[in-house]
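Engineer: Residue numbers (the UniProt record's numbering), protein chains in the order written: chain W, 1 to 310; chain C, 1 to 315.
Derived from the structure by calculation, the hints contain no laboratory data.
We treat Cβ as the ideally placed atom computed from N, Cα and C, and that holds for glycine.
Treat the hints loosely; a few may be bogus.
As the list claims (entries may be wrong) - Straight line, CA to CA, 25 Å or less: simulated BS3-like cross-link-like pairs of lysine-lysine: (1) C:Lys-142 to W:Lys-270; (2) C:Lys-117 to W:Lys-310; (3) W:Lys-58 to W:Lys-240; (4) W:Lys-75 to C:Lys-184.
As the list claims (entries may be wrong) - Simulated coverage check for chain W against chain C, where a stretch passes if three residues somewhere in it have a Cβ under 8 Å from a Cβ of chain C: (5) 42–51; (6) 97–106; (7) 204–218; (8) 293–303.
Unchecked claim - Distance windows between CB atoms, simulated: (9) C:Thr-260 to W:Ala-180: 33 to 43 Å; (10) C:Ile-161 to W:Lys-148: 33 to 43 Å; (11) W:Ala-110 to C:Thr-260: 42 to 52 Å; (12) C:Thr-260 to W:Gln-86: 38 to 48 Å; (13) C:Ser-152 to W:Ser-212: 28 to 38 Å; (14) C:Tyr-293 to W:Lys-106: 31 to 41 Å; (15) W:Leu-237 to C:Ile-161: 44 to 54 Å; (16) W:Lys-106 to C:Ile-26: 29 to 39 Å; (17) W:Gly-259 to C:Tyr-15: 24 to 34 Å; (18) W:Glu-292 to C:Pro-33: 28 to 38 Å; (19) C:Ala-243 to W:Val-98: 40 to 50 Å; (20) C:Pro-33 to W:Leu-186: 40 to 50 Å; (21) C:Val-27 to W:Leu-237: 42 to 52 Å.
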Amino acid sequence: MKNAIFGTLIATALLSGCNQTSEKGSGDGEKLVVGATMLSMQNEFIVNVSDEMEAKAKELDVDLITVDAERSALKQVEQVESFIAQGVDAIIMNPCEVEASSPAVKLAMAANIPIINVNSETSAKPTAFVGSDDTESARIAMKYLAEKLGGKGNILIMHGFMGQAAQLKRDNGAKEILKANPGLKLLAEQTGEWDRAKGMSLTENWIQSYGSKINAIFAHNDEMGMGAVKALEAAGLKNKVIVVSVDAIPDALQAVKKGTLDATIFQNAKEQGSKAIETAVKAAKKEAFDKEVLIPFQLVTKENVGEFLK
Amino acid sequence: MPPTQNLRLTKFGQYGIYLAFLILCIVLAFSTPRFFTVSNLLIIGTQVSINALLAFGVTFVIITGGIDLSLGSMVAVTGVVAATFAHPDTYPLAVPLLAGLGAGLLFGAFNGLVITKSKVPPFIVTLGTMTIGRGLALILSKGRPISNLSDSFNFIGGGNIFGIPFPIIILIVAFIVCAVILNKTVLGRYMYAVGGNEPAARASGIRVGNVKMWVYTICGILSAMGGILLTARITTGQPNAGAGFELDAIAAAIIGGTSTSGGTGTMTGTLIGALLIGVISNSLDLLNVTSYYQQVVMGVIIIGAVVLDGFGKKD
């Protein structure tokens, strides 16, 4: 009996602590309702996009229901189905996968509910797309490396999780620049699975293999880039190796400021979040909107890092 | 079943895995000159340390016939808790360490308590606490990595003492303590007894519940050590850290000769198992084996090592 009471208390406490969205159901009928399904709320960048969507929704007086797909495309499709059943006015989807999340787009289109993809794409064409072109981020990073090295040197590339859209696109962009700069030699490429500890271990192993031959490392995201910096620092090689990565997470910005990370590529989470809501509202109200809102990447180096640090 | 018989059996079967490890190292030493260097061996030791700590913990658990799937989540929770108190100029170093270890102790004790009181299989209980732990780590960190940690805290993961990386020192100390607990204490003998034949252990007066409480708690503390080490190594407390770590740890224990049916296993075997996994992943990078193939090769070598171990046991 004691256990049951205790359990109920804990459960109640937990539930009352985490219902960010439940108070939204009882609003007045005129308010627009937007349902959003996000790739993963365990990802800092996605959390930033989601926070900005929340803020923008408040500003525009829109009810926003945000759910976490936890990286499962199946779950995401089910979430969109339930949005359709709830009769939301617009759906924002941050797709888990290019192919597997596509059925959600088709379902929403069939139900005549506008669906806006944010941050990444699906093969099925949505009402609108808000995001950045990942290929471009890698181009910017590799161009920076090429310039810094004077077009000549040995490069290592650390991939994201193999087969994901961001990894494939960043790889395409990087290879484009490699091709354009025959003086750049790709020593090795390997996956660090987006993870800082894995990126660090991989770099440690690379240092064993190539040592002072390494001139630069391009990591597909900042987490791995930060891991590479750690390993290089420990081996006393950081001042000889240029490291560039993508995302401009707060840690990476601090590292750029300190000069340990040479550059990062800023992907604008705030712009993506607010433009997604704006587009969704316009589409729901049947006002004119852009079918493709591309938010440009920006190169962040020591010179301009101040603009990005809050 | 008398514990001595188990000990003799495992000692005998251990040769296989040592042989496999030795062969692998010799092959690698010849295939890449970079492998057998002091700096590379120290790096392998550092990279292995976290998995080895978790593997030691889960070895205790598996010997009693249990399993712990919440290792990776415990790494995340304890890492986040330690990082919260590890900002520079806030608390003395002891605070983040004790907070992290305390969190691991509580988490492990909770596992043990639920398993002994509810009679629900450990697989199910720790599957549940695995998700609970992941959620807690995200709640405590608000889904964001906790960075800006003090230098003294980061020393745990990145510092050297007389040229030896600190994680290796922790690894060696933990190994000795765990081996002593398992081989030289009454508790250790009870663990074998409980895993070998639980009803018999109960009948002979061993408090099975207490033994289980101990192993899950020890496992929690070792996971916390892994969590603190990881946090200090990457100088951030990350709520999504440690995902999948439980599988590597369980693999190390099993490769090292710990039987999933309980009652057998040694710390030395587990250490070799962890080293084997570490050496493989290090050398695949050194040999620049493509990412796709790395996973296949890793699986083949693991199965191969265990098969070789099985031959050793039959002799």
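Engineer: Determine for every hint whether it applies to the structure shown.
Structural biologist: Quick rundown of the hints versus the structure:
Our distance criterion of 25 Å between C-alpha atoms is met by C:Lys-142 and W:Lys-270, whose separation comes to about 18 Å. Note on C:Lys-117 and W:Lys-310: the hinted pairing is violated, with a Cα-Cα distance of about 50 Å set against a maximum of 25 Å. A threshold of 25 Å between alpha carbons decides the hint, and for W:Lys-58 with W:Lys-240 the separation of about 48 Å lies outside it, so the pair is violated. Straight-line distance between C-alpha atoms of W:Lys-75 and C:Lys-184 comes to about 50 Å, which puts the hinted pair past the 25 Å bound.
Proximity of the segment 42–51 of chain W to chain C, defined as three or more residues with a beta carbon under 8 Å from a beta carbon of that chain, is established by the 4 residues found. Only when three residues or more bring their CB closer than 8 Å to a CB of chain C does the claim for the segment 97–106 of chain W stand; here the count is 0, and the claim is violated. For the segment 204–218 of chain W, the stated coverage by chain C is satisfied: 5 residues place a CB nearer than 8 Å to a CB of that chain, which reaches the threshold of 3. Taking a C-beta to C-beta cut-off of 8 Å, the segment 293–303 of chain W contributes 0 residues in contact with chain C, too few for the three needed, and the coverage statement is violated.
Look at C:Thr-260 against W:Ala-180: about 54 Å separates their beta carbons, and that is not inside 33 to 43 Å. Separated by about 36 Å at the C-beta atoms, C:Ile-161 and W:Lys-148 satisfy the suggested range of 33 to 43 Å. With their beta carbons about 49 Å apart, W:Ala-110 and C:Thr-260 fall inside the hinted range of 42 to 52 Å. Distance hint for C:Thr-260 and W:Gln-86: a CB-CB separation of about 46 Å, consistent with the stated range 38 to 48 Å.
In this structure, C:Ser-152 and W:Ser-212 meet the distance hint of 28 to 38 Å, their C-beta atoms being roughly 31 Å apart. Restraint check, C:Tyr-293 to W:Lys-106: a C-beta distance of roughly 36 Å satisfies the suggested window 31 to 41 Å. Checked against the given bound of 44 to 54 Å, the beta carbons of W:Leu-237 and C:Ile-161, roughly 22 Å apart, lie outside it. The hinted range of 29 to 39 Å is not satisfied by W:Lys-106 and C:Ile-26, whose Cβ atoms lie roughly 57 Å apart.
The beta-carbon spacing between W:Gly-259 and C:Tyr-15, approximately 53 Å, falls outside the hinted interval of 24 to 34 Å. The given range of 28 to 38 Å is broken by W:Glu-292 and C:Pro-33, whose C-beta atoms sit roughly 52 Å from each other. Checked against the hint of 40 to 50 Å, the pair C:Ala-243 and W:Val-98 fails, with Cβ atoms roughly 23 Å apart. Taking the beta carbon of each, C:Pro-33 and W:Leu-186 are about 22 Å apart, not inside 40 to 50 Å as hinted.
The hinted window of 42 to 52 Å between C:Val-27 and W:Leu-237 is violated, with their beta carbons roughly 29 Å apart.
The structure fails to meet hints 2, 3, 4, 6, 8, 9, 15, 16, 17, 18, 19, 20, 21 from the earlier list, while all remaining hints are met.
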